[in-house]
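Colleague: Listed here are the chains, written in short residue letters.
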Amino acid sequence: MKRLRVLMVEDSEDDAILIDRELRRGGYATECRRVESAEGLRDALSEPWDVVISDYAMPRFSGTEALRLVREGGDLPFVLVSGTIGEENAVEALKNGAGDFVTKQNLSRLVPAVEREIADAQVRRERRKTLEALQLAVAARDQFLSIASHELKTPLTSLQLQIQSLQRTLETGLTEPDRIRQKVKRAARSAERLAELVNRLLDVSRITSGTIDLVRDEFDLSELTREVAGRFDEALRESGSRLDIFAAVPVRGRWDSMRIDTIITNLVSNAVKYGEGKPIEVRVEGDRERARLEVKDRGIGIASSDQVRIFERFERAVPERHYGGFGVGLWIARLVAEAHGGRIRVQSEKGVGSTFVLELPLGLPAAAGERGAWP
Amino acid sequence: MSGALSPGASDGGALRRSVLVVDDDRDIRETLQELLEQEGYLVATAKNGLDALARARDERPAVILLDLFMPEMDGMEFRQRQLLDPELAPIPVVVVSAAVGVEERVAALGISAHLEKPLQLERLLQIVAAHCTLPS
Chain A
226 MKRLRVLMVE DSEDDAILID RELRRGGYAT ECRRVESAEG LRDALSEPWD
276 VVISDYAMPR FSGTEALRLV REGGDLPFVL VSGTIGEENA VEALKNGAGD
326 FVTKQNLSRL VPAVEREIAD AQVRRERRKT LEALQLAVAA RDQFLSIASH
376 ELKTPLTSLQ LQIQSLQRTL ETGLTEPDRI RQKVKRAARS AERLAELVNR
426 LLDVSRITSG TIDLVRDEFD LSELTREVAG RFDEALRESG SRLDIFAAVP
476 VRGRWDSMRI DTIITNLVSN AVKYGEGKPI EVRVEGDRER ARLEVKDRGI
526 GIASSDQVRI FERFERAVPE RHYGGFGVGL WIARLVAEAH GGRIRVQSEK
576 GVGSTFVLEL PLGLPAAAGE RGAWP
Chain B
6 MSGALSPGAS DGGALRRSVL VVDDDRDIRE TLQELLEQEG YLVATAKNGL
56 DALARARDER PAVILLDLFM PEMDGMEFRQ RQLLDPELAP IPVVVVSAAV
106 GVEERVAALG ISAHLEKPLQ LERLLQIVAA HCTLPS
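Protein chains in written order, with the working numbering: chain A, 226 to 600; chain B, 6 to 141.
Worth flagging that the hints you see were computed from the coordinates, not collected in a lab. All C-beta atoms in this analysis are idealised placements derived from N, C-alpha and C, irrespective of residue type, glycine included. Treat the hints with care, as some may be off.
To be verified - Taking lysine-lysine and the BS3-like style, the derived pairs with C-alpha atoms no more than 30 Å apart in a straight line are: (1) B/Lys122 / A/Lys575; (2) A/Lys227 / A/Lys329; (3) A/Lys575 / A/Lys521; (4) A/Lys410 / A/Lys498; (5) A/Lys503 / B/Lys52; (6) A/Lys521 / B/Lys52; (7) A/Lys408 / A/Lys378; (8) B/Lys52 / A/Lys378; (9) A/Lys378 / A/Lys498; (10) A/Lys408 / A/Lys498; (11) A/Lys498 / B/Lys52; (12) A/Lys521 / A/Lys503; (13) B/Lys122 / A/Lys410; (14) A/Lys410 / A/Lys378; (15) A/Lys498 / B/Lys122; (16) A/Lys503 / A/Lys575; (17) B/Lys52 / A/Lys329; (18) A/Lys410 / B/Lys52; (19) B/Lys122 / B/Lys52; (20) A/Lys575 / B/Lys52; (21) A/Lys408 / B/Lys122; (22) A/Lys320 / A/Lys354; (23) A/Lys498 / A/Lys575; (24) A/Lys521 / A/Lys498; (25) A/Lys227 / A/Lys354.
To be verified - Far from chain A, some chain B residues (derived; all Cβ distances over 12 Å): (26) Arg62; (27) Leu89; (28) Ile96; (29) Val111.
As the list claims (entries may be wrong) - Residues from chain B shown here face chain A by an in silico Cβ test under 7 Å; the list is partial: (30) Asp30; (31) Ile33; (32) Leu40; (33) Ala103; (34) Ala104; (35) Val105; (36) Glu108; (37) Pro123; (38) Leu124; (39) Leu126.
Let the sequences and hints guide you as you build the complete structure.
Modeller: Below, the structure written as structure tokens:
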């Protein structure tokens, strides 16, 4: 017998017994509660119910009012059962969201009506869930687009200013080669930044729309890490942070070098960005099964409540847009780490700093073999 | 507090041809600085709102070009603090930003112009020139 929690809005105890009997005959183990006033209904609605079966006309209450109260709390299956309901009232009730109505003279319709209304409500719930998920996805995409356009406009502005300024310089006829060289150099750098941003945007859309195809090669993670860190000389000078690299021993494995490069770049760039000019440490270690990369800063840190969220798409712990970037770096890092059978995690304390740790199975044929994700 | 005035500040002309560029992007900061210097302006730069408050006190620029989204202190907060400081409050501000959908918030800042990135150089120079030749 299927359990059915029934909330009856019914002034007549006898009618309630009839209704209950009908449901039991239909194969349900009912748990009923009967209320006959607004207060009673309000109180009962705090408990979970499978269905509300309501009378239409009651001395102290009405089916219409009951329906309104039930709908305030959500989409609970609702069936009217009445001896007196006229056709017009019934139509009105259905319009207002009652699932069905059954006359007391024809209670054999009750079980199918209840079953159909419960199934319908389930469909409505799923539809609402789908709709909510879609709305969230659209909102996330809109937010991402506005961040992306802001991020793209910054190097574009610089590029455009350089070109306009070159034009002005050339028009004046005062063509000092050094000055022009400087402007062209900066324009080229802006164009590179733009290209890099566009590549990352493409990566986001590729990753969003499918799986990650890894292109594995054997290489030394220590060497790659030193190379990536070398690209931050200028950024480090500007931020004031010192970067210490502990990656002297080769750690070889088969990984997707471009994607691992992206992860290291992202972690170091975050450390510089949020490191408040304090020292940063990057460490690479390995054993026979896995490689471990650690990036440690002593900057603003991440509250424990944000430490899971930052690995999701379009998330960052700091206020929107005060720091550059798409807000997708750690999300991509996590997906890429997982595609390698590895993982990435963070230990952090607000105001003390953050340590990001990337762990990757070596993926070498000689090793214990490809391992699944860590527990 | 009375920040040090730049050399030649007693000469109204020199004082009025100075610009403070506030942007967290180094390329944009340097490009604008170079461009404006080429046009004969005295240029100071700042990389966030906090930095800009100090520079504005030191330099007393004729106009401030202000980016909106910057770490540590953004352009909106800078403007609010600027208005609370009687000595800085009169300096006109031109918002230069790539942010979308911020028109209302920018309008509430009571600034003299809002330029969207990417920038039209001619338009920027016109606006800067207009602020630097206003009668004091």
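Colleague: Please write out, lowest number first, the hints stated earlier that are contradicted by the structure.
Modeller: 1, 17, 36
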